[in-house]
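Asker: Given these sequences and hints, build the entire structure.
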Amino acid sequence: MEGVTEFDLAAVRRDFPLLSKQLHGRRIVYLDSGASALPPHQVVTAMATYQETTHANVHRGVYGTAEEATRLYELARKDVGRFLGSKSGQDEVVFTKNCTEAFNLLARSWGRANLRAGDAIVLSEMEHHANIVPWQQLQEMLGFEIRWIGITEERTLDLSNLDELLDGAKLLSITATSNVLGTVNPITSLAERAHAAGALIAIDAAQAVPHAPVDVTALDVDFLAFSPHKMYGPTGIGVLWARAELLNAMPPFLGGGGMIKDVRLDGFIPADGPQRFEAGTPPITEAVGLSAAVHYLESLGMEAVHEHERALTSYALSTLAAEFGSSISLQGPTDGPLRAGVLSITIDGIHAHDVAQILDTYGVCVRPGHHCAKPLMRRLGVNATARASFGIYNGTDDVDVLVEALHATIKMFG
Amino acid sequence: MADLEELYREIILDHYRNPRNRGELQPPAVRVEGFNPLCGDEIVLSLLVEDGTVADVKIAGSGCSISQSSGSLMSAAIKGKTVEQARGLIATFKQMLSLGDDDAIEEGAEPVPVNLRSLGELAALQGVVKFPVRIKCATLSWNTLAQGLDELPAS
Ligand SMILES: Cc1ncc(COP(=O)(O)O)c(C=O)c1O
Chain A
6 MEGVTEFDLA AVRRDFPLLS KQLHGRRIVY LDSGASALPP HQVVTAMATY
56 QETTHANVHR GVYGTAEEAT RLYELARKDV GRFLGSKSGQ DEVVFTKNCT
106 EAFNLLARSW GRANLRAGDA IVLSEMEHHA NIVPWQQLQE MLGFEIRWIG
156 ITEERTLDLS NLDELLDGAK LLSITATSNV LGTVNPITSL AERAHAAGAL
206 IAIDAAQAVP HAPVDVTALD VDFLAFSPHK MYGPTGIGVL WARAELLNAM
256 PPFLGGGGMI KDVRLDGFIP ADGPQRFEAG TPPITEAVGL SAAVHYLESL
306 GMEAVHEHER ALTSYALSTL AAEFGSSISL QGPTDGPLRA GVLSITIDGI
356 HAHDVAQILD TYGVCVRPGH HCAKPLMRRL GVNATARASF GIYNGTDDVD
406 VLVEALHATI KMFG
Chain B
866 MADLEELYRE IILDHYRNPR NRGELQPPAV RVEGFNPLCG DEIVLSLLVE
916 DGTVADVKIA GSGCSISQSS GSLMSAAIKG KTVEQARGLI ATFKQMLSLG
966 DDDAIEEGAE PVPVNLRSLG ELAALQGVVK FPVRIKCATL SWNTLAQGLD
1016 ELPAS
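These protein sequence lines map, in sequence, to chains A and B. When we follow our numbering, the leftmost residue of the first sequence carries the number 6, and every step to the right adds one. When we follow our numbering, the leftmost residue of the second sequence carries the number 866, and every step to the right adds one.
Among the clues, some could well be false.
[As the list claims (entries may be wrong)] Here are the simulated lysine-lysine pairs, DSS-like style, with alpha carbons at most 25 Å apart:
{"#": "1", "chain 1": "B", "residue 1": "Lys995", "chain 2": "A", "residue 2": "Lys416"}
{"#": "2", "chain 1": "B", "residue 1": "Lys959", "chain 2": "B", "residue 2": "Lys944"}
{"#": "3", "chain 1": "B", "residue 1": "Lys995", "chain 2": "A", "residue 2": "Lys26"}
{"#": "4", "chain 1": "A", "residue 1": "Lys379", "chain 2": "B", "residue 2": "Lys1001"}
[Said to hold, decoys possible] Simulated restraints, written as ranges between beta carbons of each label pair:
{"#": "5", "chain 1": "A", "residue 1": "Met146", "chain 2": "B", "residue 2": "Gln1012", "range": "29 to 35 Å"}
{"#": "6", "chain 1": "A", "residue 1": "Thr50", "chain 2": "B", "residue 2": "Ile876", "range": "49 to 55 Å"}
{"#": "7", "chain 1": "A", "residue 1": "Gly173", "chain 2": "B", "residue 2": "Pro997", "range": "47 to 53 Å"}
{"#": "8", "chain 1": "A", "residue 1": "Gly203", "chain 2": "B", "residue 2": "Leu964", "range": "56 to 62 Å"}
{"#": "9", "chain 1": "A", "residue 1": "Leu147", "chain 2": "B", "residue 2": "Gly953", "range": "48 to 54 Å"}
{"#": "10", "chain 1": "B", "residue 1": "Gly953", "chain 2": "A", "residue 2": "Ser332", "range": "39 to 45 Å"}
{"#": "11", "chain 1": "B", "residue 1": "Thr947", "chain 2": "A", "residue 2": "Ile151", "range": "50 to 56 Å"}
{"#": "12", "chain 1": "B", "residue 1": "Leu964", "chain 2": "A", "residue 2": "Gly330", "range": "39 to 45 Å"}
Since the hints were made in silico from the structure, they are not lab data. We put the CB at the ideal spot given by N, CA and C, even for glycine.
Answerer: Set out below in structure tokens:
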């Protein structure tokens, strides 16, 4: 492939043991990284080594391995901070259970402290439920207004009335990349416009961080959430990044051990910094795995990763159009720099569930359904799509198998 | 591949492409909706029972070939049957998909052998057994029917 010469696909693939497994006697074609990306052996090994050589609970242990566990856990914050372009990861990176919990934290902590009846926040119609339901739950308690950015026929954000929507709003919380459409939203300009209107901006970077350089300083955002298991790290850990001055002013979310400075019979004093939001024993092994995932992606270079996936997405979009014309539809923008590697396929007369089932027999892993974005699906007028999503280990050969399997699907139901 | 052909038998594809008893009935017919939140399958069942017999049945909704063909096959199978026969068919159908009555299993009851013949065309759906995720698709209309029968006004 042109333009991706620095990216050694064969070498990358060797790092992912699962890719050498067979599925129904065929080479596994993993096209579900949008749901969860496979972990490279570097991540798996880092976690196993930690558990075999170091494991202990973090904070307050004075013996050597406990100190080492604490050091590794805190190092993960720094690694994530650096990866996101934050000046001080140790003050700005909170570990949660997943991206969803990061949004719940944001809503219950920042939202509860800052939103009142009469206030407004702005979301978009292309949000994952993770960035909708926590706000709706809070709305039930506090009674503020939720305003919605609509979607154009090109499957991009309809920004024609953005000034109106932002007028008087306290927060714009929006996805950086749609997990259904592959639309890459213009975060820099959205941040500028939110700030100009006096609102803060939170971004759902679950589908952005694994695929392109994301720099919170350059983007000038206030909050960012993502799930490490979508960026080749482990499940069980999530990240909320927040500007330090905002984080320091936020009240705790979950209560218990670890998040306090002092507890007395008549009350408690919360800890400072990210620890204030980390009640109970945190995901330590997972933080070690996350560090390894960060190092892995840094060694590939996020620019190279982005270029590789961009070229692959262009290849896929043009190949599918050439092979199938209008007999399959893709829910998403046309090719271009703001088009990520998410292909939401619909075929007239064949349900997504059936498409995915037949693809499976070709070793092709895609996901049918509403992808936790029901308001978006209603807007699109479909009840399910079969979604193929790319990761660093995918190549044009994967697209070719997808095409073969889609031909078979259409033949079977035709 | 053999499993796949078992799943997508010609009868199933036929009922998916040309669903029988499509539509909705007005009251006094009972109307019940069933959802499979996993994949968004939806079934709207209209059931008209007169003198203990399924006088008419209509199916609406949308979803995958398995859920929709199962609804279509079911509607054809229960039309004209008594409520008791319809309930029996639900039990037999679920047994075919290895979904015994949990209570019966707990009591250590011997499973009743499934008489596939008694299922007629419905037996075409037995290929679903090999695809555990799809069992919910196949049973959606039957669970909806069970609910509809429970909601019938006592006569
Ligand atoms: C855009 C987006 N936001 C949020 C999430 C939620 O991630 P998780 O389920 O790991 O909390 C996902 C993934 O499912 C996603 O694609």
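Asker: Could you run down the list of hints and mark each one as holding or not?
Answerer: Outcome of the hint check:
no., hint, result
1, Lys995/B with Lys416/A, "holds (22 Å)"
2, Lys959/B with Lys944/B, "holds (19 Å)"
3, Lys995/B with Lys26/A, "holds (21 Å)"
4, Lys379/A with Lys1001/B, "holds (20 Å)"
5, Met146/A with Gln1012/B: 29 to 35 Å, "holds (34 Å)"
6, Thr50/A with Ile876/B: 49 to 55 Å, "holds (51 Å)"
7, Gly173/A with Pro997/B: 47 to 53 Å, "holds (51 Å)"
8, Gly203/A with Leu964/B: 56 to 62 Å, "holds (57 Å)"
9, Leu147/A with Gly953/B: 48 to 54 Å, "holds (53 Å)"
10, Gly953/B with Ser332/A: 39 to 45 Å, "holds (43 Å)"
11, Thr947/B with Ile151/A: 50 to 56 Å, "holds (51 Å)"
12, Leu964/B with Gly330/A: 39 to 45 Å, "holds (42 Å)"
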